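There are 4 protein chains.
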Amino acid sequence: MAANTFGEIFRITTFGESHGKAIGVIIDGCPAGLLIDEHLIHYDLQRRRPGQSRIVTQRKEAEDFEILSGVFEGKSTGTPICLVIPNTDQKSGDYSHIAEVFRPSHADFTYHAKYGHRDHTGGGRSSARETAARVAAGAVAKMLLSAHGIQVTAYVSQVGPVCIPVEAEINLSTIEQNPVRCPHPETAELMESLIMEVRKMGDTIGGMVSCTITGCPAGLGAPVFDKLHADLGKAMLSINAVKGFEYGSGFKCVSMKGSEHNDAFTNEAGRISTLTNHSGGIQGGISNGMPIQFNVAFKPVATIVAAQDTVDIRGDKAIAEGKGRHDPCVVPRAVPIVEAMAALVIADHLLRNRSSKL
Amino acid sequence: MAANTFGEIFRITTFGESHGKAIGVIIDGCPAGLLIDEHLIHYDLQRRRPGQSRIVTQRKEAEDFEILSGVFEGKSTGTPICLVIPNTDQKSGDYSHIAEVFRPSHADFTYHAKYGHRDHTGGGRSSARETAARVAAGAVAKMLLSAHGIQVTAYVSQVGPVCIPVEAEINLSTIEQNPVRCPHPETAELMESLIMEVRKMGDTIGGMVSCTITGCPAGLGAPVFDKLHADLGKAMLSINAVKGFEYGSGFKCVSMKGSEHNDAFTNEAGRISTLTNHSGGIQGGISNGMPIQFNVAFKPVATIVAAQDTVDIRGDKAIAEGKGRHDPCVVPRAVPIVEAMAALVIADHLLRNRSSKL
Amino acid sequence: MAANTFGEIFRITTFGESHGKAIGVIIDGCPAGLLIDEHLIHYDLQRRRPGQSRIVTQRKEAEDFEILSGVFEGKSTGTPICLVIPNTDQKSGDYSHIAEVFRPSHADFTYHAKYGHRDHTGGGRSSARETAARVAAGAVAKMLLSAHGIQVTAYVSQVGPVCIPVEAEINLSTIEQNPVRCPHPETAELMESLIMEVRKMGDTIGGMVSCTITGCPAGLGAPVFDKLHADLGKAMLSINAVKGFEYGSGFKCVSMKGSEHNDAFTNEAGRISTLTNHSGGIQGGISNGMPIQFNVAFKPVATIVAAQDTVDIRGDKAIAEGKGRHDPCVVPRAVPIVEAMAALVIADHLLRNRSSKL
Amino acid sequence: MAANTFGEIFRITTFGESHGKAIGVIIDGCPAGLLIDEHLIHYDLQRRRPGQSRIVTQRKEAEDFEILSGVFEGKSTGTPICLVIPNTDQKSGDYSHIAEVFRPSHADFTYHAKYGHRDHTGGGRSSARETAARVAAGAVAKMLLSAHGIQVTAYVSQVGPVCIPVEAEINLSTIEQNPVRCPHPETAELMESLIMEVRKMGDTIGGMVSCTITGCPAGLGAPVFDKLHADLGKAMLSINAVKGFEYGSGFKCVSMKGSEHNDAFTNEAGRISTLTNHSGGIQGGISNGMPIQFNVAFKPVATIVAAQDTVDIRGDKAIAEGKGRHDPCVVPRAVPIVEAMAALVIADHLLRNRSSKL
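Residue numbers (the numbering used here), protein chains in the order written: chain A, 1 to 358; chain U, 1 to 358; chain Y, 1 to 358; chain G, 1 to 358.
Think of the hints as simulated: they come from the structure by calculation, not from any bench. Quantities reported herein were computed from a predicted structural model and do not represent experimental measurements. You can take every hint at face value.
Treat identical chains as interchangeable: a pair holds within one or across any two.
Taking lysine-lysine pairs in the BS3-like style, the calculated list, with each CA pair at most 27 Å apart, reads:
{"no.": "1", "residue 1": "K60", "residue 2": "K257"}
{"no.": "2", "residue 1": "K252", "residue 2": "K200"}
{"no.": "3", "residue 1": "K257", "residue 2": "K317"}
{"no.": "4", "residue 1": "K200", "residue 2": "K60"}
{"no.": "5", "residue 1": "K257", "residue 2": "K200"}
Make a model of the complete structure from these sequences and hints.
Okay, here's the thing in structure tokens:
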């Protein structure tokens with residue numbers, strides 16, 4: 001069933017396999033008249049790109065893209081924007097060894113169970129290569145948000161056991177100053193060391209990405225099923241390797257009492273806000289004007305150097321050998337993906353909200 | 001925008017305010033020929049019902065329901081099943097004090113910002129009363145799953161700081177034997193004491209619900225956006241008071257290495273399974289035949305007895321006084337809601353999967 | 001699959017069988033703040049009601065309705081409006097003879113083929129009784145349109161071979177002055193005589209309903225698949241007994257040349273309009289500000305008095321006997337249904353258009 | 001709002017402007033394992049191609065296409081199939097004269113009213129060029145139907161006043177033997193002469209396409225809104241230049257009596273069928289196993305050689321001059337488009353029907 005589409009009004013449909021001819025996206029429902037700055041698309045694609053630093057995979061992917069439709073004289077026309085990113089580094093040979101062997105904690109087995117016939121080269125459709133299309137679409141969504149004063153910023157808050165100290169002050173403008181994309185320089189260094197160490201061992205490690213959305217007006221989100229955080233949660237959980245999502249107080253709320261968790265309202269110079277933000281900017285599924293804050297947990301990449309026991313397509317015992325060029329830790333490159341998916345959700349709800357009142 | 005609908009093929013649309021005439025649900029897309037056992041609907045509604053034990057709100061809600069359509073001679077006909085639950089305990093007077101005051105961490109302010117005109121009695125549409133309609137629909141989804149050998153079971157795993165010990169063996173058949181719905185009797189007692197204590201203080205406390213789905217065949221879930229865990233996550237996050245969702249290893253994965261996180265495949269008597277289940281039964285967004293496992297974090301109920309500082313509809317300082325009859329801890333009653341939403345997701349993907357192969 | 005929902009933003013879901021407990025509709029996506037005048041709903045339901053005149057079926061249907069949700073202090077709240085119409089005249093006995101016999105040109109055979117298990121009493125879900133729910137929802141859509149200066153008016157333009165003369169001037173304000181709902185009194189009389197004659201013979205006759213929408217701004221409709229006339233066409237074709245839809249010049253365009261068919265633009269007092277209206281108010285799928293005009297063809301009702309040869313559920317020869325109380329001609333009662341479906345389409349596109357520009 | 005998507009399970013999204021870089025389509029929801037024969041896609045694109053005969057436009061369009069994804073080793077994988085058709089004949093200069101002038105009965109004015117900012121070259125998104133993407137997708141749908149024994153065949157039944165005589169026997173295998181695509185050779189010649197004559201005059205003429213679908217099982221179509229003929233009607237009305245749709249008896253039903261219109265059921269060798277087929281193969285919105293038959297009315301192409309009075313973007317009087325290379329009659333090239341859209345509807349309902357029974 002058609003499941004490659006995301007969003008209601010601002011809606012994207014992605015296509016493409018890791019080692020096919022190209023991947024890409026159709027953005028349907030972008031309002032007419034939006035300035036489309038291709039540099040901003042390039043910028044975010046570069047942030048997601050393999051090979052951008054020594055702590056990410058050295059695999060090469062072209063991130064050149066072409067807009068085939070929907071933009072005229074630099075502005076959106078209201079018709080579908082199709083953006084294509086050709087695949088140039090298609091070393092299918094690298095993957096021939098996995099045609100018949102189910103790699104542990106990959107999607108090989110489940111795709112085989114679901115579809116019977118699958119493109120096994122490079123993970124095919126299950127590869128995180130697909131997220132480049134999301135990042136490109138997300139860049140367009142960010143342009144729409146920017147025109148409405150809304151800013152989406154993600155960063156790495158934890159790698160393995162190394163996390164930004166609770167009491168630390170972080171400065172979001174420093175995110176891009178280190179390859180980990182952590183806005184706390186001391187922690188970033190520890191993270192980088194850990195990643196290099198893990199890589200040396202041929203292993204991988206998990207991590208966490210945090211995201212803040214500022215400038216979002218009160219009123220976005222739609223009860224009851226399309227609560228703003230429910231759509232954000234689905235968006236994040238649809239990213240490869242994500243295992244958990246929490247917003248505001250998140251899982252910490254389990255141990256809290258109502259008297260400490262409630263956010264008192266206040267009126268600052270005519271603008272109603274809250275003194276604390278355990279709500280994470282969302283109450284009853286609708287934004288309240290405070291910064292929207294959430295965390296996303298990423299598992300360690302499943303591809304490791306050590307050989308692993310597994311079974312093959314016939315159910316026979318087999319060995320999965322770790323080849324290919326993969327990330328020791330996925331979160332530095334996941335930052336623009338989290339931003340993109342968040343921007344798509346907010347852009348969609350921004351347009352949906354145009355029909356909430358007479 | 002229409003946001004009261006959930007699901008693609010097996011699809012529900014709920015309606016109704018807390019203190020309106022009735023709440024209810026239309027189930028569209030239930031295959032014809034399913035035996036509809038009204039006792040099972042009653043059973044789950046009773047588990048969600050206020051006043052069922054001393055640790056939940058003593059507010060009274062009628063949970064009588066009527067099926068208006070879609071069932072003929074005890075079986076589904078393939079046409080929409082409309083199920084209505086009248087509201088009988090409509091003490092609107094109880095809520096007159098909140099017509100103009102924004103209660104902290106409730107949806108009063110955000111609904112006001114979004115819609116301007118809102119039904120403030122009893123929380124209106126933002127009240128958890130709406131989840132009774134989900135539970136009724138979920139009971140029908142469970143009947144469909146049961147016909148396919150799939151079982152959905154949720155339970156309380158944590159209340160405040162009290163959680164089931166990691167090393168404890170739990171027996172899911174004991175869930176209904178205590179009012180907390182915790183399958184570990186010793187822990188259940190501690191939880192119950194804590195809830196009673198919190199209630200006495202006029203306060204509330206958070207909690208966690210865990211869920212296991214067994215008998216689910218490999219192949220359910222649809223890449224790339226409608227990953228099975230993404231749809232489960234959205235379903236859970238759409239429940240009132242939920243702040244976080246994780247599946248399989250969840251947030252613990254952040255600190256793990258690939259070599260310890262990967263689930264090795266094995267072949268047991270012709271059935272491919274995994275030795276561990278950090279994947280939580282889902283790989284690449286598609287079920288792998290192992291038990292599906294996830295956790296849901298619920299915040300402490302926002303209504304407390306103590307008076308709280310806030311603002312009113314005009315932005316003036318005001319006091320929110322905690323009246324009404326509310327739950328000291330929401331998780332015991334949330335168990336059937338979590339099950340219902342999970343059943344709806346699995347039922348939908350079960351039908352969607354009928355079109356995955358030629 | 002879920003097919004009882006219509007519309008994208010202003011969206012309705014109907015439920016109910018002819019002889020079940022009730023029929024009804026959920027309207028989701030109606031903007032908050034709309035005045036809901038229940039008299040207007042009553043008025044349109046009366047126009048659709050059986051027994052309203054001597055030329056329609058004398059079957060009795062209660063058209064009392066109840067709004068269960070979504071309206072507070074007389075105005076919409078932005079949450080789902082559920083409206084229920086109980087069935088009171090449930091003479092199921094009348095229909096026992098058709099439980100196993102497929103009536104010619106009814107939906108008995110096809111529902112049986114599709115669902116296996118079906119409610120055969122009174123046609124069940126395939127009965128035109130379901131359209132009462134559409135009329136009620138359409139009345140709410142009309143209120144939204146009225147608030148934007150848009151008016152939807154349908155009338156009977158042909159019954160059997162009797163049609164309004166091409167050269168006749170018609171006055172839409174006279175529609176309700178005769179039981180046929182034809183705005184040309186002389187033709188109305190001929191139509192009424194024909195219907196009475198057909199009824200006496202125990203037969204039925206086809207007819208045509210025409211519809212005009214005025215005050216619709218330029219810009220509604222969404223290329224490429226959701227062209228305004230494509231959505232209007234689907235809406236009309238989804239009404240029971242409809243066999244054809246045409247707009248503007250319609251089927252006459254087949255014989256026309258471009259030089260005579262093209263509508264020249266002109267500027268009247270600052271408002272761009274066209275000198276002719278072969279386009280029927282829609283160009284390229286988008287309204288152009290001229291009156292939207294279309295025709296809908298209704299077949300003769302399938303239930304007739306004469307016994308008819310057919311087969312039964314086992315494929316054996318059988319006789320379908322024409323019992324029950326049915327309409328000799330459906331179009332007088334179809335007028336409010338056509339209006340309702342048209343209003344739903346325009347209301348939806350009115351809201352959709354709020355996102356077409358930055 | 002996203003309106004470039006069609007279908008529920010077998011779902012297409014098209015993109016591209018007439019004179020942009022490319023047009024194309026994503027097919028999402030095609031089951032895995034379907035043999036994709038690119039020759040069949042080529043074949044249908046050739047039938048839609050300009051310049052294929054002397055009675056169609058001599059404009060040149062490349063119809064080479066490339067499949068970018070979703071097909072592996074010749075078979076569908078269940079993931080999105082993206083197919084791109086580059087535009088090579090982009091003589092934008094040809095259209096500079098219409099940048100500011102609203103051509104009569106084109107979409108210039110309405111797109112301007114809706115979007116403000118539009119691609120005016122060659123009609124942009126409103127050009128029938130977009131239908132090439134539909135034809136390509138329809139060819140894939142036909143492959144799916146063919147695997148289920150279903151055949152979709154369209155042909156020209158009328159051009160201007162020239163139509164196939166009612167009593168004529170037609171042989172659908174002769175359709176491709178004349179450039180008009182009329183299965184009655186004598187009528188085809190008259191049609192061809194008429195088209196050549198109209199072309200000489202610099203004018204254009206309307207026409208009708210008829211379509212027959214055989215081998216369709218009983219049970220396709222989904223009450224109440226997604227009736228099979230309602231979805232076919234929307235599909236046809238979404239094709240450029242279509243003004244009307246009728247199925248079975250169509251508009252003729254208006255003058256018929258129930259006693260003559262009803263289709264008597266019979267049992268031929270164990271298969272229930274009807275003696276007549278006024279129902280056009282669809283009863284109650286669901287296929288009954290008889291051939292599905294419908295007609296589609298196409299208006300005369302709006303582009304003519306004669307200069308026409310109109311207004312420009314400022315509302316000032318202007319002259320629209322007929323340049324470009326356009327069709328004197330659209331129906332010969334519309335035949336594969338009608339087939340494509342019909343195939344998409346049937347393919348979608350074929351898959352939807354997999355969930356109608358337990």
